Amino acid sequence: MAPSNAKRRKLEHVSSGEDDDDSFAGFSGSEEDSSESAQPSVNAESVGQDFAQGLGMDDGGIDENPAEEPESTVHLEQAVARASREEQAIVNGAAKTAQPKQMPMANKISYSRSYESGPSKSGIFKLQMDDMLERVRPRQGKREAAAEAALHRLKQTIEQIAPRPAQSVEDAERALLKEKIVIPFPDPRPSKDVLYKLEYAKPANITVVGSHVLKVTSAVRRLLQIDMVVQMPSHLLQSKDYLNYRFFYKRAYYLACVAAALSGAHGDEYSVSYSSMHDNVLLPVIQVRPTGKTSSVADKPAKAPAWQIDIALSAADDVFSAEKLGMSKNCVRKNDEQVKAHDSPTPLYNSSLRTCMLMNAYLVLQHKAASSCAAYRDACLMGSLWLESKRLGSSISRGGFGNFEWGVIVALLLRGGGPNGKALLGPGYSSYQLFKATLQLLALQDLRKKPLVVGEAKSFTESSEWPVVWDAERSHNILYKMTDWSYQALQSTAKRTLAALGDQHFDAFDSTFTTPVSSRLLDHDCLIELAHAALAKSATTKRERSSPLLSDLYAVLRRGLGDRVDEVDLHVPSTPDWNIGVARPPPSTGSVTVGLRVDPEHAHRLVDHGPSADNKAEAAAFRAFWGDKAKLRRFRDGSILESLVWATEEAGQSVVEQVCRYLLGKHFGARVEGSARFVGDECIPLLWKANGIAPFQPLMEAYKQLETDIRGLEALPLSIRQIMSADAQLRFASIEAPSITHGIKQAAPAAVTLQFEGSSRWPDDLVAVQRTKLAFLLKLGELMNDNVEAVQSRMGLENQGEDVSNQGFLDITYDNGAAFRLRIHHEREQGMLERQMKLKELDPKTKQTSALALASYKRDFVKGSAHTQAIAQLATRFPGFTGTVRLIKKWFASHLLSNHIPDEIMELCVARSFTQPDPWSVPSSTQNGFLRTLAWLAKWNWREEPLIVDMSGSGELKDVGYQAIGTRFEAWRKLDPALNRVVLFAASHVDHDGTTWTDGQPSKVVAGRMTALAGAAMQAVEAQSIDLDPASLFVSPLEDYDFVLHLSAAAFGSRKKSKETGFKNLKVQNTADTSLVGFQPAEDFLTELQTLYGAAIVFFCGGAERKVIAGLWSPLTAPRAWKVNLRVF
Amino acid sequence: MVPTKSPAVATSVNDFTVLPLRVPGLPSYPKDTTHHLYLRANAPKAPTADTPREVFLVNVPIDATDVHLRSLFANQLGGARVESVAFEGARVGKGITAPVAPARKKRKRGQEDGESAAPAEVGLLPETWDRETHCSGGTAIVTFVDKPSAESGLREARRAVKSGKTITWGEVIDGKVPALGLARYAAHHKRRHPSHHALQESIDAYMTTFAAQEAARAKALARQRAEPDEDGFITVVRGGRSDLAREDAVRLKEEELKKRQEKMIGEGFYKFQHRERKKKESQALVGQFEMDRRRVEEMRKRRGG
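Heads up: the sequence lines are chains Z and W, in that order. Heads up: the first sequence at position 793 corresponds to 793 in full-length UniProt numbering, and the numbers run straight through without jumps. Heads up: the second sequence at position 275 corresponds to 275 in full-length UniProt numbering, and the numbers run straight through without jumps.
If you are wondering where the hints come from, they were derived from the structure by calculation, not from laboratory data. Note that this is a predicted model, so its numbers are computed, not measured. Check the hints yourself; a few may be wrong.
Claimed, not checked - Chain Z residues, not near chain W, derived (Cβ > 10 Å throughout):
hint, residue
1, 701
2, 763
3, 808
4, 954
Unchecked claim - Listed next, with one range per pair, are the computed distances between beta-carbon atoms:
hint, chain 1, residue 1, chain 2, residue 2, range
5, Z, 1050, W, 81, 35 to 43 Å
6, Z, 221, W, 277, 46 to 54 Å
7, Z, 963, W, 230, 52 to 60 Å
8, Z, 221, W, 301, 18 to 26 Å
9, W, 183, Z, 715, 37 to 45 Å
10, W, 162, Z, 1048, 37 to 45 Å
11, W, 277, Z, 428, 30 to 38 Å
C-beta: ideal position from N, C-alpha, C; glycine also.
Could you build all of it, start to finish, from the sequences and the hints given here?
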């Protein structure tokens, strides 16, 4: 790049401000040049060396560029200054319509700065967001046109309905029954002797409300839903109608009349049915859908109707006084009871009525917000996508918080809600800021204890036990449909999303907006399924709430489980729509699902302490709640407490299950308890000795012993710098916990590295270094044998023929069975190998062996031990981690992939689901961790995404680290676009290389199979959900392979072959035979097969987990037709 | 996918004779299989004096040893006597390298140039396998005692093919070579844990030789440094004061000096530093933006939007 050239371009950019795309093309062009120049030099023979150079060049390429154009500094400064002035304006969305391609450079800078977390975070989130909004923004299409045409026709029909004179309830019902229409009276239906009359008159007005008319629904939804509101004329209602369901009865009659007219006029074009608005039984609505060929059943998504019009009825907003419908007022009076004060408040009833009165008011509110705040619509769109992906919705079965609530809350916050009645959000906020601020409100303020009040709250004084967002101007609680548990679920979801958005390094976009939270099995640690019918029979309700039964269930479980669970969530099936010839939906046959999020620290506690016996009142309450289970006990510290004792978990039921079952039986009867199905850690029995890190403790103690023993040796020629472990067994991560009981020798010795203090007396020759290491090991072995009790040591050789690699190790076996494999780490090896690779005169073969030796040096001595430490820390930090790792490894082994996918990669995958749990919380049970890891494996796009895990938990991996890893990843992909060498790229805070474990290891075929298998497993999870048998995920058919070798048990070092010796004492000697430590013929066999036939066959093996080796012929070896070698010149 | 045997196997391909060998079944797979060995007179690009008495084999069975091949020619193909067998060395990459001269059993020992063969003989680590195996489809060169034997060997092979005589692979070598299977791995396990004494001896021998070699080399280099050559120049050679450890120390020192220099000046001392920093920042931002944009576009493409 000539300086003059650069100057010219810069000048252009300052003058025009538009044409500078060229200069950036120049930028990227030069980058590509540097990488391309590296590309041709790659060939199969000497990839290692060339590649290292290629990386170096690429690293430099980006840094060097900025230094090339010193002249343009001033201009650039101006541009930046201008950018910062413009920043706010652009954030506000003024520049949003501009296509990124024509964006002036100033905007580019500000664009990337506008992301509020500072320059370190990339602007990719914002770009992605804008891109997504562009795609989901509502547009006028075919189905919209069809739906709107239908709207017009429906409106006409409704306007032309003839009025019906006032009739008694009975007459009205009879008249409508002639037309085969039933009035959808809410429960309880009006008694026969009521005096008031039902009447129909022409509606006051007909409007379309809701998200469609506000243009805040996402266009990619499967179903276009439009809300149409028919306002009942006020003269049909009397001032006392707000009491005792009278309004709802009149409304139901009016609705039935509309339904009659609609089904009469459009019965053949549209299907007309009743449905409850947001599952609220008080508010039936008419649902109109096109009758295609389908029967409008939602279980056939391919043929599901494209649109749906909900016709709701409203009343004028002044027919009833708002004060009388306050949250603490009672509006359902009992006749026999004269004392009003004893009536409990009926907030759901009141709010439902208010909803009918306020439909138009909220439309106006949202409209105003949309016109005053440019980003309002986008914020609503983002909210709706977020809610959709988290499976939240307005209907009670989905939590009672949906698009409407989101939109109204944002609109309210634009007008108030802050301190001193000021607005919490400003009209100048960007859509992302609106979105995030609203999330913050949901996540951080407990709306149950501290309700959010917007506007002058005259009528609002009380706090309640349910969440409240009080709109004072319209005196309405926006969250009236929410329950305790659904609010808690919403809050924790919002918290998790906020945490993910706050994470500087990971792209939270997909998990926030696009990835649906799929199966409940993944979401919760435990699921309890209860038959709805059984539960309904055991009703013992007092409170007026959307679902009194569930409240009781929730309260009982919440109290009973205490700190064993973090969260209890209830899921109910939603009410289906029903025929207009029937008054009420068919009784629900579905089941209630209780989801528990377990706190692993407390979940397994066997004894619960209640109140002290002296505290009479509390003790009595405790006894009342727990019944016979509560026992008075005296504890060691002398206290006498009410307490509960649960059976140990080995008996088959986890403590949580016992508690739940007991409580269900006690409070809801044996039928409910009998109908309950409990799904918890079904995976646990798949592992032998699965209780956390405990099974590994004997080996860890032996390791400590080894360390003290070695450090205690005095006659060593060099002092010891450090002893490090580098083995899956020493990081709580091997499938089988090492068994070192009864003196049986551990089959696979655990790798340990030993580093001496530096000395100048090491030779300067690689081969000699390896021999010197052997000499040290010999000396060490001698000393161990002489000085330490109960230990045997033995030299072993490895890497025969590659004399620059490590040549030997020392197996140290304790008499109790623990076995270790000691290797010496000499820190100068790396430098010597690197130097050797740089030598120009070296032949390619030696270069390759040096490259291999270097890779294995880094793996075994540097990265291996660091990785081991990091994983061991994770295992102690997260109780479910060890089990998850072991289960995942077992899964890979069962599918015969464990000889391809290195252990460390599996561990990193699991570590990822624990350190970046988004969109879930940190898994607290083995099964959960396992399924989530599988879910991630299934959607991991390893071609384009590196796996980066910061296992430190304290953010040890800094921005620079992330950038370096990203650059490396891109460089690898550029140099090896066909993924012949590196397929999976996995880096961690202790390993920035990313290819330490995966250089040449899993091929593309194998990685693809891994993804496919994980995908199949996830499909099974989705399909079977609660009926899933986890063991079935571990079954892999052998039909896919071309041939299968079944190995005998002897090949796995099984000790059963000594059975021919008839003498007991001989047998014992045999099992204690140290010479068999590390004897793994199956592994040796597989390695040999791979070297002999690796060019033509891919072998699959699952180690001791599955005693087979399967083979797949490479497609290149397929029989080919004989071709005549003709060439035309 | 399984490369099943085509019904009619050609008896010869180009100038190779295709000799079918019967591989007897095993208890775990009791079926006979047929292996095809390809033979022809060796015809390398650069013939040597031995070429006429050599036969070139392709697709050598993986378990072939010189015992196998000797017995094949001596007992089953007319009794030609084999002098030696050279198997193809390790494969490099995907291509097949031409067979090399008889594989040296002795490993090469680092310092290749100018090293006499004498020290290479000592200090070898014990062999860990009792028998070598060869890559599937590998080649070998069989050297016969004389040219007529080689010719008779080939002729007999051709005749055997024509007459359809069944030749069983490894029929008469029972017990002459170590067994394969579990026994092989058991033996390997035993061999890779050599006795303390043997290992110590080997390492001692190696280290002594190595020390002697180092001393000799140092001496030679010192001499080179001291003596001018015939033109009167003194060759610059490695060694002397700049050994490896010293180089590291020098580098460290350099870095330290550089750091000190930077510290002395400080970061925001000159105006141009400030300016350059700002420029770098904004450029990084723009670069980042471009990169992000590209990534998002790629993502969109992937989604097919």
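Hint-by-hint comparison with the structure:
no., hint, verdict
1, 701, "holds (26 Å)"
2, 763, "violated (7 Å)"
3, 808, "violated (8 Å)"
4, 954, "holds (26 Å)"
5, Z:1050 <-> W:81: 35 to 43 Å, "holds (40 Å)"
6, Z:221 <-> W:277: 46 to 54 Å, "holds (49 Å)"
7, Z:963 <-> W:230: 52 to 60 Å, "holds (57 Å)"
8, Z:221 <-> W:301: 18 to 26 Å, "holds (23 Å)"
9, W:183 <-> Z:715: 37 to 45 Å, "holds (40 Å)"
10, W:162 <-> Z:1048: 37 to 45 Å, "holds (42 Å)"
11, W:277 <-> Z:428: 30 to 38 Å, "holds (31 Å)"
Violated hints, listed in ascending order, are 2 and 3; each of the other numbered hints is respected by the structure.
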